[in-house]
Amino acid sequence: MSARGERVLGAITGRVRLRSSARGVAERWSLVLAFVGAFVFFAVARPSTFLTWDNTRAILDDSSALCVLAAGVTVVLVIGEFDLSVGFVAGLAAAAGVSVMAFHGWSVGAAVAIALAAGAMAGVASGIAVAYVRIPSFIATLAVGSIAAAIELAITKTAIFEGLSPSYLEIATTRVWTVPLRVIIAAAVVLALLVLLRTTVFGRHAAAVGDNPAAARLTGVPVGRVRVIAFMLAGLAAAIAAVLVTSSASQYYPNLGTGYLLPAYAAAFLGLSLGGGLRFNIVGSYIGVLLLAMVTTGLTMMNQPSWVAALVQGVVLLVAVASVSVRRRGAVGR
Amino acid sequence: MAASAPTWLEAVGLTKRYGGVLALDGASVAVRPGEVHGLVGANGAGKSTLVKCLTGMVRPTSGSVLVGARPLQLGRPVDSLRAGIASVPQELTVAPTLTVAENIMLGHEPRGLLGWVRERESRRRAQEALASVSLDVPVSARVGQLPLIEQRLVMIARALSFDARLVIFDEPTATVAPHEAAVLLETIRDLAARGVAVLYVSHHLREIEDLCDSVTVLRDGRVVADLGRATHAALVELLAPEATSAQHPGRSERAAGDVLLDVRSVSGPRLHDVSLAVAAGEIVGLAGLVGSGARELLLTVCGAAPFSAGSIMLGGRGLRSGNALRAVECGAGFLPGDRSLATFPSQVVRHNVALPSLRRFARFGFVDLGAEKSAVTALLDRVALRASPEAPITSLSGGNQQKTLVARWIGSNARLLLLDDPTAGVDVASRPEIHAQVRALSDAGVAVLLVSTDAEELAELSDRIVVFEHGAVTGELTRDLLTPVRVLAAMTGQALAAICKEDA
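Going down the list, the protein sequences come from chains A and B. Positions 29 to 362 (my numbering) are the ones given, in order, by the first sequence. Positions 5 to 508 (my numbering) are the ones given, in order, by the second sequence.
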């Protein structure tokens with residue numbers, strides 16, 4: 029690969045340039061290679077259905093919620109923590125937003141604001157538990173997620189709400205030229221978080237906390253505040269994802285977010301290779317989501333049963349993370 | 005009695021090479037049963053490498069070890085243990101939620117049919133081991149609930165439970181209170197009296213004088229002296245670096261600035277009523293052994309350790325217990341001895357240097373890359389570091405990493421520099437450069453607190469030296485008294501009155 033390519037990649041991912049050994053380069057670009065390889069494979073296998081703008085648009089549109097959720101999860105991974113609550117928080121945000129609209133006749137704008145506020149508050153709760161109460165994030169976010177799920181069910185009594193305001197459903201049906209609004213929203217969120225992590229003081233602080241929390245503290249980084257903000261952003265992203273899901277489904281249904289947790293982490297870990305195996309990054313997570321969505325769609329088009337897609341996703345993830353772990357061990361053992 | 009017994013362990017010509025560095029250079033040592041044998045030397049003299057060669061943790065490049073006249077298979081911990089060599093590590097390595105018996109027998113539990121642990125036999129053997137260190141606690145007690153000193157004794161009992169004929173102690177008294185140290189020393193004397201050989205590694209020369217029947221002195225990986233009973237003063241003479249004060253004159257007298265750091269009656273987990281004032285432009289050395297309170301004070305000021313009483317004022321503003329953010333905001337800059345507490349390994353030099361001063365380059369929270377890059381380049385010039393700001397920090401040598409950390413705190417306009425062993429693990433060439441940087445900063449009005457295990461460094465850099473022992477200040481060496489020998493004597497526990505009387 030060219031030196032320029034390395035630089036461009038470095039600029040995107042904020043990664044330290046690694047020694048450009050052939051193996052390192054191959055590992056670094058493995059996600060992109062897998063993406064291109066899968067694309068070419070399905071394009072050749074199903075040229076008339078896969079290789080169309082309609083299909084591309086459908087893949088982008090269907091994965092928009094997951095893109096947003098994965099980007100939020102990535103922010104928390106960057107500071108070296110886990111957020112297992114995002115699926116439940118998405119469910120809570122959906123319930124909060126939809127119920128004020130359906131029961132109290134609130135406007136679409138107010139409903140979205142309520143959903144975002146619910147997501148942000150859940151994130152702040154996790155952040156405070158992790159940053160100031162010093163509960164390991166795995167446990168803290170599991171607990172917050174459970175509480176969020178409980179509040180969701182208390183609000184909705186496990187009912188399904190339909191008949192949402194038509195202007196709310198327009199979020200999912202509007203197209204700008206030919207691009208669905210949901211795709212634009214997802215891209216905007218991804219871009220905003222990318223800029224935040226790459227160019228702001230917060231982004232530098234977040235990377236420092238993720239890299240070496242003890243050193244960050246001693247260097248004057250407000251570690252607690254950084255952690256709370258990171259979890260808040262993940263909660264916000266979960267709420268935005270909830271709006272994208274409910275507007276497209278034209279309904280609220282219980283536990284709508286729980287299915288998103290594992291794919292979001294799968295995507296983020298796939299994206300790790302683009303960060304040289306050391307750093308989670310927004311672009312990598314985005315490509316990871318699209319790869320997973322493309323594989324699912326492509327295999328469906330080839331009339332494979334749905335378990336094949338799940339199997340392929342699992343194997344791809346194992347291989348990606350295993351190659352990264354091998355590299356990390358190598359770095360430590362040196 | 006000890007002298008007449010035949011040698012039990014004899015290490016001959018042990019050499020260990022790490023890359024281009026000779027950690028151990030033909031070192032020989034002989035230990036007899038019933039003898040406490042001291043092993044002393046400065047940091048990096050090869051003490052730990054020698055110990056690791058004996059315990060099998062490290063395979064020496066060349067050399068041999070005879071145990072009871074039979075050659076020991078080197079580089080295999082199991083063989084060393086079976087041969088009767090056990091070591092009590094400096095830090096506690098107990099499993100706190102397990103019982104005393106389980107801790108003692110961990111890894112060599114008596115097994116019965118199908119691999120079940122024979123509990124009664126296990127408890128009986130643990131009981132025996134406890135008796136040999138005169139510790140009277142139930143073997144069913146949870147170790148984590150015992151006082152620290154008893155946890156130590158459990159670890160010694162564990163070492164003995166391997167039928168040890170030689171027990172190695174590495175700085176056993178470094179982190180315990182004086183009355184607890186007395187208990188440990190008594191236990192060690194008992195062991196020797198019962199015919200066990202003891203290898204005692206310590207910086208604490210007064211303990212060595214009191215305890216050891218014979219002493220081996222290491223310097224730069226070589227044995228420079230093999231003594232019988234040795235006095236504190238004799239050991240200081242052997243350990244002190246050659247007089248180089250002609251090349252490195254101490255700092256010249258200068259007018260003292262205003263008080264910048266004012267520590268008043270501070271007490272904490274390891275500090276007792278410490279008071280200290282540092283003026284702008286002054287370099288104050290803190291001398292003392294591990295656990296003496298010197299490093300603890302540094303950590304307390306920078307917010308890495310809490311304090312429970314007293315006050316710390318920096319530039320007229322009060323610091324808060326365990327609040328590093330506040331300390332940095334008030335102008336403190338901490339260079340830890342362990343650089344893994346300061347560097348961000350997966351980031352470039354520029355990110356590492358600019359971190360505490362990012363807000364100066366930021367507009368509305370966005371980092372102005374142009375301003376940041378030119379500032380970092382200027383800072384790297386200032387510390388004479390020829391490295392790209394975009395190089396990974398891990399690609400730099402230890403000395404160059406340390407220079408980036410100096411640059412970091414120059415960049416943040418730190419008014420108080422807290423240095424912990426600033427040249428430990430740093431190459432020979434970088435050492436004078438880092439010293440020159442520290443002097444230049446001090447001349448520019450920065451106050452410096454310096455902790456070092458290197459007496460020469462303390463004597464060279466400091467305007468005055470405050471001596472710590474057992475968490476309290478025990479005295480002060482003024483500029484006219486600063487020589488490496490006196491500093492070493494003071495930091496290894498010799499009374500200041502004696503040091504100054506000798507010279508008078």
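To be clear, the hints were calculated from the coordinates, so they are not data collected in a lab. Be careful, since some hints might not be right.
[What the hints assert, rightly or not] Cβ pair distances, simulated, as ranges:
#, chain 1, residue 1, chain 2, residue 2, range
1, B, Val294, A, Ala178, 47 to 57 Å
2, A, Val161, B, Gly30, 53 to 63 Å
3, B, Arg386, A, Val72, 39 to 49 Å
4, B, Ser271, A, His132, 53 to 63 Å
5, B, Leu110, A, Tyr160, 28 to 38 Å
6, A, Ser174, B, Gly429, 45 to 55 Å
7, B, His276, A, Val161, 51 to 61 Å
8, A, Val161, B, Ala178, 47 to 57 Å
9, A, Ala178, B, Asp262, 52 to 62 Å
10, B, Arg124, A, Ala182, 27 to 37 Å
11, B, Gly479, A, Phe166, 29 to 39 Å
12, A, Ala350, B, Val294, 54 to 64 Å
13, A, Ile167, B, Asp262, 19 to 29 Å
14, B, Pro310, A, Ile167, 19 to 29 Å
Nothing here was measured: the structure is a model prediction, and the numbers come from that model. Virtual Cβ for every residue (Gly too), placed ideally from N, Cα, C.
Okay, the hints, checked on the actual structure:
1. Val294(B) / Ala178(A): 47 to 57 Å: holds (51 Å)
2. Val161(A) / Gly30(B): 53 to 63 Å: holds (56 Å)
3. Arg386(B) / Val72(A): 39 to 49 Å: 59 Å Cβ-Cβ, so the 39 to 49 Å window is violated.
4. Ser271(B) / His132(A): 53 to 63 Å: holds (59 Å)
5. Leu110(B) / Tyr160(A): 28 to 38 Å: Holds: the Cβ-Cβ distance is about 36 Å, inside 28 to 38 Å.
6. Ser174(A) / Gly429(B): 45 to 55 Å: Between Ser174(A) and Gly429(B), where Cβ atoms are some 47 Å apart, the hint holds.
7. His276(B) / Val161(A): 51 to 61 Å: violated (31 Å)
8. Val161(A) / Ala178(B): 47 to 57 Å: violated (33 Å)
9. Ala178(A) / Asp262(B): 52 to 62 Å: Given range 52 to 62 Å: holds, Cβ gap about 59 Å.
10. Arg124(B) / Ala182(A): 27 to 37 Å: Because 56 Å falls outside the window, the suggested range is violated.
11. Gly479(B) / Phe166(A): 29 to 39 Å: violated (50 Å)
12. Ala350(A) / Val294(B): 54 to 64 Å: About 42 Å separates the Cβ atoms of Ala350(A) and Val294(B), which means 54 to 64 Å is violated.
13. Ile167(A) / Asp262(B): 19 to 29 Å: violated (50 Å)
14. Pro310(B) / Ile167(A): 19 to 29 Å: holds (25 Å)
The structure is inconsistent with the numbered hints 3, 7, 8, 10, 11, 12 and 13, although it conforms to all the rest.
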